[in-house]
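Enquirer: Each chain is listed here by its residues.
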Amino acid sequence: MQRALTFSHIPPLSVPLRFLLCAPLFALMAGGVLLWSGAAAFASRWTSPMLAATHLLTLGSLCTAMLGSLLQMLPSVAGVAIPRHRCGAAAHAALCAGTLALAGAFLFELPMLFIGAMALLAPALLGLTGLCAAALWQRHADGAASMVAAVRTALAALAVTVVLGVMLASQFAWPLSLPLPLLHVTDIHAAWGLLGWTGLLVAGVAYQVVPMFQVTALYPGWMTRGFTSSMFILLAVVSVASGLAEHPAQTFARAGVVLGAAGFAAFGAVTGALLLRRKRPKPDVTNLFWYSAIVSLLAACTLGALDALDALPEAPLALGVLLVAGFAFSAINGMLYKIVPFLVWYHLQESVEGGCRGVPGVKAMIPVAWTRRQFGMHATALALLLGACVRPDWLARPAAAAFCLSCCLLCANLACALRVYARLRHNGAGAPLPHPA
Amino acid sequence: MMTTTTLPSATSEIDVTGMEPPEPMLAILEALEALPERGALLVRLDREPHPLFRVLDQNDYRRHGGWQEDHSYRLLIWRDAA
Numbered sequence: 001m002q003r004a005l006t007f008s009h010i011p012p013l014s015v016p017l018r019f020l021l022c023a024p025l026f027a028l029m030a031g032g033v034l035l036w037s038g039a040a041a042f043a044s045r046w047t048s049p050m051l052a053a054t055h056l057l058t059l060g061s062l063c064t065a066m067l068g069s070l071l072q073m074l075p076s077v078a079g080v081a082i083p084r085h086r087c088g089a090a091a092h093a094a095l096c097a098g099t100l101a102l103a104g105a106f107l108f109e110l111p112m113l114f115i116g117a118m119a120l121l122a123p124a125l126l127g128l129t130g131l132c133a134a135a136l137w138q139r140h141a142d143g144a145a146s147m148v149a150a151v152r153t154a155l156a157a158l159a160v161t162v163v164l165g166v167m168l169a170s171q172f173a174w175p176l177s178l179p180l181p182l183l184h185v186t187d188i189h190a191a192w193g194l195l196g197w198t199g200l201l202v203a204g205v206a207y208q209v210v211p212m213f214q215v216t217a218l219y220p221g222w223m224t225r226g227f228t229s230s231m232f233i234l235l236a237v238v239s240v241a242s243g244l245a246e247h248p249a250q251t252f253a254r255a256g257v258v259l260g261a262a263g264f265a266a267f268g269a270v271t272g273a274l275l276l277r278r279k280r281p282k283p284d285v286t287n288l289f290w291y292s293a294i295v296s297l298l299a300a301c302t303l304g305a306l307d308a309l310d311a312l313p314e315a316p317l318a319l320g321v322l323l324v325a326g327f328a329f330s331a332i333n334g335m336l337y338k339i340v341p342f343l344v345w346y347h348l349q350e351s352v353e354g355g356c357r358g359v360p361g362v363k364a365m366i367p368v369a370w371t372r373r374q375f376g377m378h379a380t381a382l383a384l385l386l387g388a389c390v391r392p393d394w395l396a397r398p399a400a401a402a403f404c405l406s407c408c409l410l411c412a413n414l415a416c417a418l419r420v421y422a423r424l425r426h427n428g429a430g431a432p433l434p435h436p437a
Numbered sequence: 001m002m003t004t005t006t007l008p009s010a011t012s013e014i015d016v017t018g019m020e021p022p023e024p025m026l027a028i029l030e031a032l033e034a035l036p037e038r039g040a041l042l043v044r045l046d047r048e049p050h051p052l053f054r055v056l057d058q059n060d061y062r063r064h065g066g067w068q069e070d071h072s073y074r075l076l077i078w079r080d081a082a
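If you read the sequences in order, they're chains A and B. Numbering follows this note's numbering, in which position 156 of the first sequence is assigned residue number 156; successive positions increment by one, without gaps. Numbering follows this note's numbering, in which position 52 of the second sequence is assigned residue number 52; successive positions increment by one, without gaps.
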């Protein structure tokens, strides 16, 4: 006789989903801003639309999805319990509202919106950072030590990013209140956000999820033991050295940038090698997104190491496209196709008659052909975005439109899995699946 | 993790290494369905299955596991006799 299992300990599906589904929605908004602004947005990384789109993508899409993934993965993979707290829902709401306020502040240049954004984002981000950090003080599973260490450094980097962000936003809210070298502090803020928080977190999570979901060999010990802490220390040292006017400090900072680029390139190369040698040679769509992320990372490292940022006017914008849309968003897009169906499957175990026999497999929740179509559109959008850095007059709107379409397809695909959940949860029994295209 | 001074002998074994989530959990739950009342299932895995531990604890299964020299994780599962 079928023995029904109890899964009642798990939090509701809405708890991680509210964070994860922000990724495509805020990315769509970022694309919408670029579509509306056209070529003017791509004139430089300092234009109001580009700053708004950048923060919609980095804060609303990437940061929210990464924090949501952490809240889900730390208990599942590292055996670390996150204290359940109603503040999580409030923090999420503040994060979303603060991101919208910040984007609006950049677009409409209203000091009040900068003040509102700071008031919402700083407590939300620092609160969620504290929640995860407190959980990481617990004893964790033996096999997850490298991931836990990486997450600790990534959270510290997020805290630094937030503090620098508040300092910069205060300059917009109360101009000339602090004598800040704006350009330098912005570069440091971007470096801590993209390389520290995003880069180190993706690396640390990859140590677990690439072998787990892509069925590859484990990452080599020399990488998992030292990479994230070394990069963190390097980032801190370069941040200080680059702020000093003396020539030796500037030379040291430049050498640090090259070393950092080499370090992240090594992570990219090792990940690529693991994926190419995996036990299942036929790549699934998450594989393809990882390849996209790795190629973007390697290209970004090359651009950074070659000191092209001062020589080529389009290079800083291209670097941003490669790191944000290419590396980080590609990795998260691919992981959403693993995490969301798995969460739906896991949460349906108790609801559906027959338990795991009555629930469709994760691969049946989203038609594979649709996910590959979305990857194709994502890759097209990336190529067009890079082209738009060089020829914004031709390619800005096509690139933005392609990116928006890719995000819409991602939303539609994830909605497939959610419809399965809604249908089975109401019916409590097996139901026809969406017909795969 | 539960500890016990006397571990039952495994009456069936499965190897879920190389499987992508949630295939390992699915295979283990199906094997547990087929387990006789006093049986014990020995599982070879790629990693410590924390989501599975919570399910087992909630459903009165006992377990004992550990990492092996070949970097796999061995888990013995049996139903609480009480």
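Worth flagging that the hints you see were computed from the coordinates, not collected in a lab. Hints may be right or wrong, so weigh each one.
Taking CB as the label site, the calculated pair distances span [to be verified]: (1) Ile14/B with Ala415/A: 29 to 37 angstroms; (2) Asp15/B with Gly226/A: 31 to 39 angstroms; (3) Pro398/A with Gly18/B: 53 to 61 angstroms; (4) Leu276/A with Asp15/B: 20 to 28 angstroms; (5) Glu246/A with Met19/B: 52 to 60 angstroms; (6) Asp60/B with Val237/A: 23 to 31 angstroms; (7) Glu30/B with Pro283/A: 44 to 52 angstroms; (8) Ala273/A with Asp70/B: 45 to 53 angstroms; (9) Asp70/B with Gly226/A: 23 to 31 angstroms; (10) Met19/B with Gly376/A: 25 to 33 angstroms; (11) Thr11/B with Gly361/A: 23 to 31 angstroms.
We treat Cβ as the ideally placed atom computed from N, Cα and C, and that holds for glycine.
Enquirer: Kindly indicate which numbered hints from before are broken by the structure, ordering the numbers from low to high.
Expert: 3, 6, 7 and 8
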